[in-house]
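**Q** Chains H and F, in that order, give the protein sequences.
Numbering follows our numbering, with no gaps: position 94 of the first sequence is 94.
Numbering follows our numbering, with no gaps: position 27 of the second sequence is 27.
Bear in mind the hints are in silico, worked out from the structure with no lab data behind them.
One thing to keep in mind: the hints can contain errors.
Result set (DSS-like, lysine-lysine): computed pairs, CA atoms no more than 30 Å apart in a straight line [unchecked claim]:
id	chain 1	residue 1	chain 2	residue 2
1	F	K40	F	K150
2	F	K244	H	K27
3	F	K244	F	K256
4	H	K27	F	K107
5	H	K35	F	K185
6	F	K244	H	K35
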Amino acid sequence: MELFTPSFGLVFWMFVSFALLFLILWKFAWPVIMKTVDERADLIDKGVEYAQQAQLQLENAQKSGEEIIAAARRKEADIIREADSLKAQIVEEARANAKEVARKEAEAAKISIEQSRKEAENSLRQQVGEFALDIAQQVVRRQLDDPKAQQALVNSLLDQVEKQN
Amino acid sequence: MKKVITIIIIGFIAGLMAIGFSDATAESAQEHAETKIDPKEIIFEHLGDAYGWELPFNHHRRIPLPIIVFGSDGLHCFSSARVAHGHEYVDGNTTFVVPTEGDYKGKVVEIVNGEELVPFDVSITKNVLAVFITIALVLWFAFALVGWYKKNPYKAPRGTRGACEALVVFIYDGVIKSTLKDKAKRFAPFLLTVFMFIFVMNLLGLIVIFPGGANLTGNIAVTLTMAVLTFLVTNLFGTKHYWKDIFWPDVPLWLKFPLPIMPVIEIFGIFTKPAALTVRLFANMMGGHMIVIVLTLLIFIFASVISVAVGGATAIVSIIFSVFMLLIDVLVSFIQAYVFTMLSTIFISLAQEEGHKAHDKKEHTEIQHLATSETN
Numbered sequence: 001m002e003l004f005t006p007s008f009g010l011v012f013w014m015f016v017s018f019a020l021l022f023l024i025l026w027k028f029a030w031p032v033i034m035k036t037v038d039e040r041a042d043l044i045d046k047g048v049e050y051a052q053q054a055q056l057q058l059e060n061a062q063k064s065g066e067e068i069i070a071a072a073r074r075k076e077a078d079i080i081r082e083a084d085s086l087k088a089q090i091v092e093e094a095r096a097n098a099k100e101v102a103r104k105e106a107e108a109a110k111i112s113i114e115q116s117r118k119e120a121e122n123s124l125r126q127q128v129g130e131f132a133l134d135i136a137q138q139v140v141r142r143q144l145d146d147p148k149a150q151q152a153l154v155n156s157l158l159d160q161v162e163k164q165n
Numbered sequence: 001m002k003k004v005i006t007i008i009i010i011g012f013i014a015g016l017m018a019i020g021f022s023d024a025t026a027e028s029a030q031e032h033a034e035t036k037i038d039p040k041e042i043i044f045e046h047l048g049d050a051y052g053w054e055l056p057f058n059h060h061r062r063i064p065l066p067i068i069v070f071g072s073d074g075l076h077c078f079s080s081a082r083v084a085h086g087h088e089y090v091d092g093n094t095t096f097v098v099p100t101e102g103d104y105k106g107k108v109v110e111i112v113n114g115e116e117l118v119p120f121d122v123s124i125t126k127n128v129l130a131v132f133i134t135i136a137l138v139l140w141f142a143f144a145l146v147g148w149y150k151k152n153p154y155k156a157p158r159g160t161r162g163a164c165e166a167l168v169v170f171i172y173d174g175v176i177k178s179t180l181k182d183k184a185k186r187f188a189p190f191l192l193t194v195f196m197f198i199f200v201m202n203l204l205g206l207i208v209i210f211p212g213g214a215n216l217t218g219n220i221a222v223t224l225t226m227a228v229l230t231f232l233v234t235n236l237f238g239t240k241h242y243w244k245d246i247f248w249p250d251v252p253l254w255l256k257f258p259l260p261i262m263p264v265i266e267i268f269g270i271f272t273k274p275a276a277l278t279v280r281l282f283a284n285m286m287g288g289h290m291i292v293i294v295l296t297l298l299i300f301i302f303a304s305v306i307s308v309a310v311g312g313a314t315a316i317v318s319i320i321f322s323v324f325m326l327l328i329d330v331l332v333s334f335i336q337a338y339v340f341t342m343l344s345t346i347f348i349s350l351a352q353e354e355g356h357k358a359h360d361k362k363e364h365t366e367i368q369h370l371a372t373s374e375t376n
């Protein structure tokens, strides 16, 4: 049967054409296609790897950023606490100083008050003595018999003294 | 530009159909009465080769193709239209004829002293032209892809180019690389060419009108050539270990000496592999074509034997089944091209075994097992 006996002409042309097709594709097509496909696959692989690394780096950056922020917070808190204690200390010192100064001033004031009181007492005593002497002189000089007149005199003198003070 | 080409091609095919159809209607009016259906004849005519390419709707008008023969007195080259319908043609001093019956039915013969002699025939027949068309298509696909890559090296192609790339990558990564490993680069061009060639041939065979319709991969000459090429590649590039395994395999001594039982089996195996390739592709594709033709013929057989009404009813069923079969054949086209390529790859990889380590041997038997199971 013709169907099962290969005809020479067809085998010949088949062989020639296939050889030609193979040579052309082998030289000009398949290397380019295979190379490009491989390169593109590599490119995609690299892209994925790069993206993964970038993701990882981003995560790391976020983590380290958070760490830095946390550290800064801690430092801030420390500084505030230190400042607080310093402030308290300063205030305490200032208060102590002020107390000391006030105490000293108060003492000084007490001393000077005491002094001036003493001076005043002294001068009062002197003046009272003088007035008493004055009054006594007048009384003695007039020598009035009338006790009423004496009394009036004494009163006027006392008024005088009062006015003077 | 693309649109212009498409329109020209469609116009050309439509023109062919119109010529065929008008001729056929003119003829059928007078010939209708004496038409007798000979299914066997019709089937084998459609499955076989021819010196002209039938026009659609028409059984008589053919596109003439060149006949090239080396007769008893040298080269002869003439159009097949001259020997159509059993006419004798005298070229120089030699008479040629295509007998309509006898031993050389449908073949160009030379008539010398009233006897028929078969010349050395390398005519551009229907199948040869179909091979050329296939090659043009494969080249077009491949270089469309190459052109795209040259323009945009890192961009995935779309459309037809994308489909081509998907096919190539599917075969290259899925079959060639995974089987041949580091030797993939060396054999990939051959195997990829084989795949694309067979695939396009298979699909072209399914198109019923002009650029297709030749039962190419259902022709044993075509599949034999492909298998022989695989055979040559397998054995010419075979390693020492491969040949050692054939002539002095790792089996008990009594199996190879004094009676070389295993070597004989192995040598036999060298030839059964391409034979299996040949027959598988041939039988699958021819079977598909034959079923579709038979289904179509059923309509006419029933119409002529019983009645036109029964023929009409058969037509509906037949067409449904034909379409179904053609769709399956599209799948089969791909599967057979794939299987041919895969088996070729496996045969080549078997001949590439270096076999220094123990695990190589294990792999070897595994692949062989796979190959034999595929062959069955």
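**Q** Under the constraints set out in the numbered hints, which ones does this structure not fulfil?
**A** Of the numbered hints given earlier, those the structure breaks are 1, 2, 4 and 6, listed in rising order.
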